[in-house]
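Novice: So the chains spell out like this:
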Amino acid sequence: MTDTDTQTQIKQTIEGSDVVLYMKGSQLMPQCGFSNQVVNILRILGVQFTDVDVLSDPNVRQGIKEFSEWPTIPQLYVKGEFVGGCDIITEMTLSGEIDQLFEKHGITFDKAGADKIRAENPRS
Amino acid sequence: MTDLPRGPVAAELVRRLESELEPTRLELRNDSDQHAGHAGHDGSGESHFAVTIASGAFEGLNRVQRQRLVFRAVGDLMDRKVHALQIRAILPGED
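Line by line, the protein sequences are chains A and E. Here the working numbering is used: the first residue of the first sequence is 1, the next is one more, and so on. Here the working numbering is used: the first residue of the second sequence is 1, the next is one more, and so on.
Looking at chain A on its own, in the form it has when it is part of the complex (with noise of 0.2 Å):
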């Protein structure tokens, strides 16, 4: 287990933001395809998020795990809840369900992004 520091660091940081990606790498630079590809996705849905590199600090990349319950990175949090990670994220945005999740939330996203996904990768 790590330390209720980290506990309490993690539990602040997706508080403190709307939308928080925890990955590997950045927003910029991502180092895992599953990392990347929530990455893109937010980016085409036009989404701000806060990005928290797991490889850059251990007791993070330990303690998020924890804290969801969650094996492994990325893991998408919105207004403080877990969402899932990178096939959940991926089945949601064909789903629609991610719109309703921003819609509900009253986070902003560009509609049309979403859609553009959508039409692109049609479901079998």
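There may be inaccurate statements among the hints.
Pairs of lysine-lysine, DSBU-like flavour, derived with a Cα cap of 35 Å [said to hold, decoys possible]: (1) A/79 / A/24; (2) E/81 / A/104; (3) E/81 / A/79; (4) A/11 / A/104; (5) A/111 / A/11; (6) A/65 / E/81.
Simulated from the structure, these hints should not be mistaken for lab results.
We have chain A; now place chain E onto it with these hints.
Specialist: Positioned in the frame of chain A, the structure of chain E alone reads:
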């Protein structure tokens, strides 16, 4: 049931998923070769997998809860061996 990848890690993944979740459908794909040279690629050839699993255990659960069940079934393999596991967790008959 389609062909499952060979290898000790794949076999253990399948064993754990079958015993914990009693899937009606289980497909496992080994994507490790696509990640050669990547930080999580440990040279074992069994670091990156994708699974499609259908189980009645997912009834009434949202996506996060379903994936948590899968991660729980996989247990410490996630920390020790498997760097990435893409998951599609569905109900029997769902597609």
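Novice: Does each hint hold? Answer for all of them.
Specialist: Hints, one by one, checked against the model:
For the proposed pair residue 79 of chain A and residue 24 of chain A, the alpha carbon gap of about 21 Å is at most 35 Å, so the pair holds. A hinted pair counts as satisfied when its Cα atoms are at most 35 Å apart, and residue 81 of chain E with residue 104 of chain A does not qualify at roughly 39 Å. This hinted pair checks out: residue 81 of chain E and residue 79 of chain A have alpha carbons roughly 33 Å apart, not beyond 35 Å. Taken as a hint, the residue 11 of chain A and residue 104 of chain A pair is honoured in the structure, with Cα atoms around 22 Å apart against an allowance of 35 Å.
Pair hint residue 111 of chain A plus residue 11 of chain A holds up; C-alpha atoms about 29 Å apart against a cutoff of 35 Å. Of the supplied pair hints, the one linking residue 65 of chain A and residue 81 of chain E holds, its CA atoms being roughly 16 Å apart against a limit of 35 Å.
Checked against the numbered hints above, the structure breaks only hint 2 and satisfies the rest.
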